[in-house]
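> Taken in sequence, the protein lines are chains A and B.
Take 1 as the starting number for the first sequence in our numbering and just add one per residue.
Take 1001 as the starting number for the second sequence in our numbering and just add one per residue.
One should not assume that every hint holds.
Using C-beta positions, here's what the derived DEER-type ranges look like [claimed, not checked]: (1) B:T1020 <-> A:A95: 23 to 29 Å; (2) B:T1027 <-> A:V15: 33 to 39 Å; (3) A:Q62 <-> B:G1040: 19 to 25 Å; (4) B:T1027 <-> A:N30: 25 to 31 Å.
Using 35 Å as the maximum straight-line C-alpha spacing, the simulated DSBU-like pairs for lysine-lysine come out as follows [to be verified]: (5) B:K1056 <-> B:K1099; (6) B:K1099 <-> A:K79; (7) B:K1070 <-> B:K1026; (8) B:K1099 <-> A:K80; (9) B:K1069 <-> B:K1026; (10) B:K1070 <-> B:K1099.
Stretch-level coverage of chain A by chain B, calculated; a stretch enters the list once three of its residues show a Cβ under 8 Å from a Cβ in chain B [claimed, not checked]: (11) 18 to 24; (12) 43 to 53.
Rather than coming from a laboratory, the hints here were simulated on the basis of the structure.
Backbone N, C-alpha and C fix where the C-beta goes; we use that ideal spot for every residue, glycine too.
Here's the letter readout for the chains.
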Amino acid sequence: SQTIHQWPATLVQPVGSPLSLECTVEGTSNPNLYWYRQAAGRGLQLLFYSVGIGQISSEVPQNLSASRPQDRQFILSSKKLLLSDSGFYLCARGASGANVLTFGAGSRLTVL
Amino acid sequence: SQQGEEDPQALSIQEGENATMNCSYKTSINNLQWYRQNSGRGLVHLILIRSNEREKHSGRLRVTLDTSKKSSSLLITASRAADTASYFCATDAGDSWGKLQFGAGTQVVVTP
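Please model the complete structure; the sequences and the hints are all you need to start from.
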């Protein structure tokens, strides 16, 4: 199984509050993991990717950070949320070979 | 940044009709993939076409790739109401991290 679990599914947070979105994956060990953000009606923007425990690469400078404390756990965080952090956050894992992605169901964040 | 750009942005058709959407990209690719997203859900991989392939079929899906024009098309034949979704192309430039760049998507509505 290549199932991906994301939680929470929905989150409403005030500006300036912290954030923690969690993603856990099943299946083969040492997967490539990705965090994407999707603004309303838009495509996906790659935020972070990880090729192993503690190895995080950022694609876009922003108010967010990511961590990978365990092989199958990927966490997206912020110390102080901005209105512009609102969006649909998707965690994905890569399959070996052709880089086909399997996505989780997403976490919808609204910052008020 | 987004590599692929889909056209049209939105498409409304009736059941039984064919749906065609296009994707243009800017840089050389290793492969191009199409994904589907039902409203408020994660993306699901549909089909992958490699840079040395020109056409590929999967069930009611037909994908073409023209690397000289840096474009791809996705055709859904005999559409059904259940095909209502957003469709995204994603390009794989072949880097070692398996990153995909997604377009903004085509929203397809199939009415019974």
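> Give a verdict on every hint.
A quick look at each hint next to the structure:
Distance hint check for T1020 (chain B) and A95 (chain A): the Cβ-Cβ separation is about 28 Å, which falls inside the suggested range of 23 to 29 Å. For T1027 (chain B) and V15 (chain A), the Cβ-Cβ distance of about 37 Å falls inside the hinted range of 33 to 39 Å, so the restraint holds. A beta carbon spacing of about 23 Å between Q62 (chain A) and G1040 (chain B) agrees with the range 19 to 25 Å that was offered as a hint. Checked against the given bound of 25 to 31 Å, the beta carbons of T1027 (chain B) and N30 (chain A), roughly 28 Å apart, stay inside it.
With a C-alpha separation of about 22 Å, the suggested pairing of K1056 (chain B) with K1099 (chain B) holds against the 35 Å cut-off. Restraint check for K1099 (chain B) and K79 (chain A): the C-alpha separation of about 26 Å stays at or below 35 Å, so the hint holds. Of the pairs offered as hints, the one joining K1070 (chain B) and K1026 (chain B) holds, with about 7 Å between alpha carbons and a cut-off of 35 Å not exceeded. Only pairs whose Cα atoms come within 35 Å are accepted, and K1099 (chain B) paired with K80 (chain A) is accepted, the gap being roughly 27 Å.
A hinted pair counts as satisfied when its Cα atoms are at most 35 Å apart, and K1069 (chain B) with K1026 (chain B) qualifies at roughly 9 Å. Taking the CA atoms of K1070 (chain B) and K1099 (chain B), the gap is near 19 Å; set against the 35 Å cutoff, the hint holds. With a cut-off of 8 Å between beta carbons, the segment 18 to 24 of chain A has 0 residues touching chain B; three or more are needed, and the interface restraint is violated. For the segment 43 to 53 of chain A, the assignment as covered by chain B holds, since 6 residues bring a beta-carbon within under 8 Å of that chain's beta-carbons and 3 suffice.
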